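J.: Construct the entire structure; sequences and hints are all you get.
Protein chains in written order, with this note's numbering: chain A, 1 to 802; chain B, 1001 to 1204.
No lab work stands behind these hints, which were simulated from the structure alone. In this text, all values refer to a predicted model and were calculated from it rather than measured experimentally. We treat Cβ as the ideally placed atom computed from N, Cα and C, and that holds for glycine. Treat the hints with care, as some may be off.
Here are some chain B residues the structure puts well away from chain A; computed CB gaps all over 12 angstroms [said to hold, decoys possible]:
#1 I1056
#2 F1154
#3 L1203
SDA-like cross-link-like pairs, simulated, lysine to any residue; straight-line CA separation at most 25 angstroms [to be verified]:
#4 B:K1072 with B:D1135
#5 B:K1171 with A:G86
#6 B:K1171 with A:P754
#7 A:K112 with A:P600
#8 B:K1171 with A:I455
#9 B:K1171 with B:L1116
#10 A:K112 with A:S17
#11 A:K112 with A:H21
#12 B:K1171 with A:H99
#13 B:K1171 with A:Y87
#14 B:K1171 with A:G90
#15 B:K1171 with B:T1158
#16 B:K1171 with A:K112
#17 B:K1171 with A:D82
#18 B:K1171 with A:S100
#19 A:K112 with A:A147
#20 B:K1171 with A:K784
#21 B:K1072 with B:L1119
#22 B:K1171 with A:E97
#23 B:K1171 with A:F81
#24 A:K112 with A:L25
#25 B:K1171 with B:V1031
#26 B:K1171 with A:L201
#27 A:K784 with A:P754
#28 B:K1171 with A:P600
#29 A:K112 with A:L127
#30 A:K784 with A:R726
#31 B:K1072 with B:H1060
#32 B:K1171 with A:E735
Covered stretches of chain A (in silico footprint by chain B; criterion: 3 or more residues with CB under 8 angstroms from a CB of chain B, positions within the stretch not fixed) [as the list claims (entries may be wrong)]:
#33 183-189
#34 313-322
#35 325-339
Listed below, chain by chain, are the residues.
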Amino acid sequence: MTGHGHPHGPVRSEPRSPWLHGSWLRAIWVSFLFAFIAIGISAFIRYLLGFPLHGAEMQEVAATFGLTFWAIGFTVGIGCFDYWWGYIIGSPNWVQEDHSAHGAYSWRDYFKVNTDHKVIGIQYLVLTFIFFMIGGALAEGVRAELASPGTQYFSPGTYNGLFSAHATLMIFLFVIPSFAGIANFVVPLMLGAQDMAFPRLNALSFWLLLPGGLIFLASFAVGPFAAGWTNYAPLSVHAPIGDTFFTIGVQFAGASSIATAVNFLVTIVTMRAPGMSFWRMPLLVWANLATSSLVVLGTPFIAGSQFMVLYDRVMHTHFFDPATGGNVVLYQHIFWFYSHPAVYIMMLPGFGIISEIISIHSRKPIFGYRLIAFSTVAIGVLGFTVWAHHMFVSGMAPWLRIPMMATTMLIAVPTGIKIFSWVATLWDGVIHLTTAMLFALGFIFTFVIGGLSGIFLAVLPVDINVSDTYFVVAHIHYVLFGGSVFTIYAGLYHWFPKMTGRMYDERLGRLHFWLTFVAFNATFMPMHWLGLQGMPRRVADYDPRFATLNFIISIFAFVLGASTLVFLYNVIHSWARGPIAPANPWRALTLEWQVSSPPPIFNFDEPPQVVGGPYEYGVPGARHAIVTVHEPDPQFAGVATATAVAGSTLQREALLTAMKHILVVANQTVAGDALIDAVRERAGAEPLRVTVICPQNDPGGDWVTDDRQLAQATRERLDQTLARLREAGVEAAGEVVDRDPYTAVMDQVESSDPPAEIIISTLPQTRSGWLRRDLVERVRRDAKIPVEHVVVDVHQEPAAGA
Amino acid sequence: MTSIAAARDVPAPEERAHVSAYHKSLLQSPVFLGMVMFIGSEIMLFGSFFTAYFYIRFSHGEYPFGGFEIPKGTTGVNTAILVASSFTMHWALVSASRGRRLGLILGLGLTLIMGLTFLGLQMREYHALGFVPSDGAFPTTFFALTGLHGMHVFIGATLLAIAFVRACRGKYAADDHLGLEVTGLYWHFVDVVWIFLYTVVYLL
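T.: Put into structure tokens, the structure is as follows:
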């Protein structure tokens, strides 16, 4: 919908009325028009059938049809269906490849229907974070009430509404869709695709989410749904009208989820770049493949269960009414058949994010790539066989208990495979404690605790004992906050530079992590103990003997809430004013890092050619992909141009970190032919990149020199060297350093990007100050990597040097 | 190449798809694959209602439990109409791929008419049954399953109507009718679900 012309889309010049074309204005009037028409028609039918047009029953009917069509009208009004409508009516203006709504050219485009997966990803992340804040505020309300025994701030009914809405928003509008947001941004890039398979369906998925969330929140206006996020029948069937809002809201969040999942599956199957076989896909893509399968197959069951509750409420059917032949436990079976796989829907993408981050930030190939991929699929399959472990005390068929206990414990095996693989990846790696990595490590710590308490809960006798106590609350928060939310934070920090083109503030990031980590554990760890002591969950009041611990928990819950503000400040401030991010700040191999930050609107100028695995960090000569970029972009300056330049097309290979790194130390001899030859000889054998340092400060020099003049001369020699190396096809960078040579070399060796080999170039023995001070021997002794000594006689090489 | 393609001025797919080559080569399959996965999701939605149906049915001895009667015979006729509509749909698809415009339009039209006839007869059956959803557990599952299916017939008929209008406007070609294939796939799915539903709910 932008007026900016670009080569892919038609230019729209004439101004279009916001009343009639996709806009917020149209969304508002169309949504309410749809709602009123739907209510009117249902009232008319009731009138024809002789039912009363007032009373609770009419309210239920009005809420059902009004809310449903309000939400549909919203998506119509905002413009999700304009393209399809043009297709259906065969509009002459309709073009199949209509890119007019693709890509953000200004911040306003983020508030419109947009088909660019990157825009949609950011729309998802911002919207879901808003719901996260609202859900968090509801949780603080719960903790405020529980800070001391008795009822202080909320009536028991409102309290029930608080925790119900808290869980609902966190699950359906934060964790699940924010993973969809991260995947939306990252997965097509990782696959080397230009967009998702169905960009318009993708936009519709996002715009279904907003009305779904607003319906949940609107229930507070009529008395919130208070039967918990599980909405168990028969409680939900006889609950006040707020519960209808829940059943409708879930349908929209679920439809959004299914549409996105179908989109991901088709994208992953059909849109992979040439050479991107399944076993070369990054593990985040594997995770989304498994997650999307779970969503496609599982989510219809929660849709079904909520339809049944809605029918029981509105049409007075008898699914869950034993008196007329229905069955109460049936609800739990159908509900948990989705909602247990849902916990893997909320965890598998996080596992994918962690696999990326652990490998990239510890500079090592991921340990057990295939096994992690297999275990992801195994969790997905096993996830459908464990649902009844939520129902051990429900009165279900007793024979189902032991099999469900066994499968539940079995699912710990693939999960354990992942944990051990991550730890093995960390082992002996060069670990960079960026904020993303801190969250990943914090995740492993908290998720292991959550996983272990999960095994406790799988064991029948323990589960019966702690059912509906705070032990369960502690477990769910250790896996959903310590698990999912930590991974979301890790992913947000990791891809923040790619998404925004700016670097975040590491110090604030670390502060955020430590506040979150400490406050999280202090909040939820004591709940295990409360649960074992028998404190029941979902009750506004409690026994005074739990008072002290609950008070402490509430204090830390507020700290945990406040830690989010640090994150929020960091994001807003860095997004607006942070330092410009390079294309590949983490020196990662996966494809999303091989394009600019933020990526170009159509991602890749040409499909990348994938030639190897995505995690070959530190493996000499290994490469993931060759990315072709038309017209060199200034942002790519300094990035590998390892292959020949053909016309205005640049080919860049995702092997920056995999290339052998050689450190060249030279000062006066820097442009000497012998040195250049030594480097060239190595470059012929394998891909490499070179860092040239010219140590300037010579503490042994006993005469006074003009520093500026000296630096200028060194700079010129260095530039000449770099130019000659690049001519020879060697990627080279270099700097003049203000250090003595030994310290300068060791600084490089101990840096985050250590060289694999060092070449020290000096004058002949008789004239070299460096050799007089045994530089080569000292470096050989201390650096513990191969050191080659090249002698260059500048008097015989007048062309070299100034 | 064919009569339809010649009769209209829509360029061939390779001219229309001015995106990159690799995108074009994949344009053929994603829509179809997406529909297959969506149908997988739909099967699970029916699955949840069939779960409720079987769960409630097997906790009762008799069937239909609660002493209700359902008309097997007249619904059998209705079933035959829906099954026949799958064949006319197939005829429409074959006609489209061979470029026979008349067969395409006739096939789609007949399929649409039979689908709407099915819906009409189903509504008539609802009216004549003598019980309503709130009468007990059997009416609950009966109306929920047949109603859910009826909703899907309605969606399928909507897709058919769109395809019909587009076919009349000459929007499909022998080598460009992916939208038709997808509509046909969905219609066959709706039909197969009904065969299963009729067998389980009415006959067994």
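J.: Checking against the hints above, which ones are violated?
T.: 1, 6, 8, 16, 19, 20, 28, 30, 32, 33
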